[in-house]
Amino acid sequence: MSAIRRSPLLNVWLVLGYAFLYTPIIILIVFSFNESKLVTVWAGFSTKWYGELLRDQQMLSAAWLSLRLALMSATGAVILGVLAGFVMARFGRFRGHNIFAGMITAPLVMPEVITGLSLLLLFVSMEKMLGWPSNRGMFTLWISHVTFCAAFVTVVITSRLKEMDASIEEAAMDLGAPPFKVFTAITLPIIAPAIASGWLLAFTLSLDDLVISSFVAGPGATTLPMKVFSSVRLGVSPKINALAAIVVGVVTLCAAVAGFFMLRTERNRKLEIQAAQRGTD
Amino acid sequence: MVIKRFLPSGRNTVIGIPFFWLLLFLVFPFAIVLKISFAEMVVARPPFTELFVYAQEKLTIILNPGNYLFLLEDHLYIIAYLSSVKTAAVATILALLIGYPMAYGVARANPGIRNLLLLGIVLPSWTSFLLRIYAWIGLLKTNGLINNLLLKLNIIDAPLHLLHTDFAVYIGIVYAYLPFMILPLYTNLVKLDESYLEASADLGARPWKTFLSVTLPLSKGGIIAGSMLVFIPAVGEFVIPALLGGPDTLMIGKILWDEFFSNRDWPVASAVAIVMLLLLIIPMMWFHKHQTQEMENI
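Quick mapping for you: the protein sequence lines, in order, are chains A and B.
Count along the first sequence from 1, then add 468; that gives the number in our numbering.
With our numbering, the residue at position 186 of the second sequence is 169, and numbering never jumps.
Source of the hints: derived by calculation from the structure; they are not laboratory data.
All residues carry an ideal CB built from backbone N, CA and C; glycine is no exception.
Incorrect hints may appear among the rest.
Residues from chain B shown here face chain A by an in silico Cβ test under 7 Å; the list is partial [as the list claims (entries may be wrong)]:
id	residue
1	Ile(-2)
2	Gly(-1)
3	Phe3
4	Leu5
5	Ile15
6	Pro84
7	Leu113
8	Ile120
9	Gly204
10	Ile215
Here are the simulated lysine-lysine pairs, BS3-like style, with alpha carbons at most 30 Å apart [to be verified]:
id	chain 1	residue 1	chain 2	residue 2
11	B	Lys41	B	Lys18
12	B	Lys124	A	Lys695
13	B	Lys41	B	Lys69
14	A	Lys630	B	Lys18
15	B	Lys174	B	Lys203
16	A	Lys505	B	Lys124
17	B	Lys272	A	Lys630
18	B	Lys18	A	Lys596
19	A	Lys630	A	Lys738
20	A	Lys516	B	Lys124
21	B	Lys174	A	Lys738
22	B	Lys174	B	Lys18
23	B	Lys135	A	Lys516
24	B	Lys18	B	Lys203
25	A	Lys630	B	Lys69
26	B	Lys135	A	Lys505
27	A	Lys505	A	Lys516
28	A	Lys649	A	Lys630
29	A	Lys516	A	Lys695
30	B	Lys272	B	Lys69
31	A	Lys596	B	Lys69
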C-alpha cells in the first residue's frame, strides 16, 4: 500500500473532467435520433436523419474521397515516420541532426493556417516554374497530409524504439545478420504495435484535417471536413449529428479492436519470453 | 552503437529520404512564404508579382515592404495578434488548471485501470475535431441546451448570450486541446518516484507542501510540453473562432484565412503568416528543447 493518501477530491475532479470531455459528444449522439429538425428540443425517436445523410450524394462522395486520402496518407506517413523514427532513435548524432530534429517537432505545434498557406504557395510556385503539379487535388492533398502526419508517427516510433532493448539487435548483428535483415527480422516485428498505432493516428489526423486541406485542395476536390464545415457554417443540422454519431461509433469500435489486439500481442510476447527463459535455464 | 556497422550508403539513404522530404515540403515552403510576403497583389493567376525580374541581361530584385507596413499601420492586425496571444494564454492556463489534477489522478490510479483511464482521455481526440466544436454550438446557442437547462432550473430569467463570444472560444480551445495538455503531464507524472513523496511526508511536510515543493517542480517538463502543445496551435487557431467566436473575436488565424480566401490577397496573408511565425518561434524552440529532453529521458 502506498503511504500517500489519495484525496477524494481528486476522484471528484476526475469524474467532472470526464463528464466535461464526454457530455457534448453524448448529447450530439442523442440528438441525432431526434424527430425534430431542431437539434435542441426533443420531439421523439427517429432515425430519419441517418437516411437523409445516406442520401446526400455530395456528403457521400466527400466521405469516400476522405477515406481514400486517409488510407494513402497514413501509409505514406508510416513509411516516412518509421525511417525518421529510426534515424532519431538509433543514428546518434550526425551532420544536420539538429535541423532534422527541428523538422520533426515543428509540425506537432505549427498552426495549421501557416502549414496550409506555405504548402499551397509551394505548389503554385512549382507549377509556375516546372509546370507541375498542373492542377491541385488528390496528389497535393496527399503530399500535405503525409508531411504533417509523418511527424506524429515519428514521435510514436521513436519512443517505442528507445524503450526497446537494443541488445537484441546487437546480438543479431554479432551473429552476422546484415543490417536490413536485422531490421526486417528483429526490429520490425517488435515495433509492429507502434507502427499500427502510428498508422491509426495518421489515419485519424488525415481524415479530420480541415484547414490544410482547404488551402491545398483546389476547386476539384472536397474532403469530408470541408463539406461539413461549409454546411455547419449555415447552421446546425441533425444530419451532421448523425454523421458525428457514426464517426464516434467507428472510432470506438476501432479503439476496442486495436486495444484487444495490442493486449493480446503483448501477452503472447510475454509468454514467449517466459518460455524462452525457461528453455535456457 | 549498432548502426555504426551499417554501410555508409545504406545509412545515408535512411537519413536522406525523410530529410529531403521534410526539407522540400516543410522548410522550403516557408522560404516561398517569405518571398511572396514581399510581393505585390495583382489580378492574375497566381495573384502576386515576381520578385526576381530578369530583363535586358539584368536581374532586378523588387522587394516590396508594403505588406509589413500595412500590418503596422492598420491597428486591426496588431490588436488581432495581441488578442490571439491573450486568448491562447488564458485558454492554456485554464487547460492546465483542469488538466493537471486529471493527469495526476490518472497517473496515481491503480495500474490495472490506468490504461483504460488514459484511453478515456485520448479517445475524444480521435473523433473529429470539427464535430466536437460543432457539438458546442448546440450547447451554447441562445435556445441551446445550457440555456434551456438554466431556465428550467430558474437560475436565470432570460437566456444568456453564450455562443459567438470570447467565452465560447475559451471553452472551445480548452475542450479541444485538453487531451494534448494531459498526455505529456501524465507521461511525466507517472514516472514520479513515490518514495520522494513518502520521504517528504515522513519529514512532516503537509500534503500541500509536498505537492508544491516536490511534485510540481519535478513535473516542470510535462507542464511546459503540455502548455506549448496547447498554446502554440491555439494562437493560430481558425476553426474555433470561426464557429464559436463572434464578430468581435479577433484571432490572427481567422484573419489570415479571410485575407487569403475572401480578399484573395496572398502577399498580405503571407506577411501575416511570417509575423505569426516570428511571434511563435521562441515558444516553439522552448517546446523543441523540452521535447528532445523528454525523448532522451525515456
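Going down the list of hints, with the structure as the test:
1. Ile(-2): 5 Å, holds
2. Gly(-1): Since the shortest Cβ distance to chain A is 9 Å, the answer is violated.
3. Phe3: 11 Å, violated
4. Leu5: 4 Å, holds
5. Ile15: 5 Å, holds
6. Pro84: Nearest chain A Cβ about 5 Å off; hint holds.
7. Leu113: With a closest approach of 5 Å, the B/Leu113 hint holds.
8. Ile120: 6 Å, holds
9. Gly204: 14 Å, violated
10. Ile215: With Cβ-Cβ at 4 Å, under 7 Å, it holds.
11. B/Lys41 <-> B/Lys18: Distance ~20 Å between B/Lys41 and B/Lys18 Cα, so the pair holds.
12. B/Lys124 <-> A/Lys695: The given pair, whose Cα atoms are some 22 Å apart, holds under the 30 Å limit.
13. B/Lys41 <-> B/Lys69: 48 Å, violated
14. A/Lys630 <-> B/Lys18: 40 Å, violated
15. B/Lys174 <-> B/Lys203: 13 Å, holds
16. A/Lys505 <-> B/Lys124: Given that 30 Å is the threshold and the Cα spacing comes to 15 Å, the pair holds.
17. B/Lys272 <-> A/Lys630: Holds, at roughly 18 Å.
18. B/Lys18 <-> A/Lys596: Roughly 15 Å separates the two Cα atoms, so the pair holds.
19. A/Lys630 <-> A/Lys738: 19 Å, holds
20. A/Lys516 <-> B/Lys124: 24 Å, holds
21. B/Lys174 <-> A/Lys738: 22 Å, holds
22. B/Lys174 <-> B/Lys18: Violated. B/Lys174 to B/Lys18 sits at ~46 Å, over the 30 Å cutoff.
23. B/Lys135 <-> A/Lys516: 29 Å, holds
24. B/Lys18 <-> B/Lys203: 39 Å, violated
25. A/Lys630 <-> B/Lys69: With a Cα-Cα distance of about 37 Å, the restraint between A/Lys630 and B/Lys69 is violated, given a limit of 30 Å.
26. B/Lys135 <-> A/Lys505: The hint holds at about 22 Å.
27. A/Lys505 <-> A/Lys516: Since the Cα atoms of A/Lys505 and A/Lys516 sit roughly 10 Å apart, the hinted pair holds (cutoff 30 Å).
28. A/Lys649 <-> A/Lys630: 20 Å, holds
29. A/Lys516 <-> A/Lys695: Judged against 30 Å, a Cα distance of about 20 Å means the pair holds.
30. B/Lys272 <-> B/Lys69: 24 Å, holds
31. A/Lys596 <-> B/Lys69: 40 Å, violated
In the structure shown, a violation is registered for the earlier hints numbered 2, 3, 9, 13, 14, 22, 24, 25 and 31, in ascending order.
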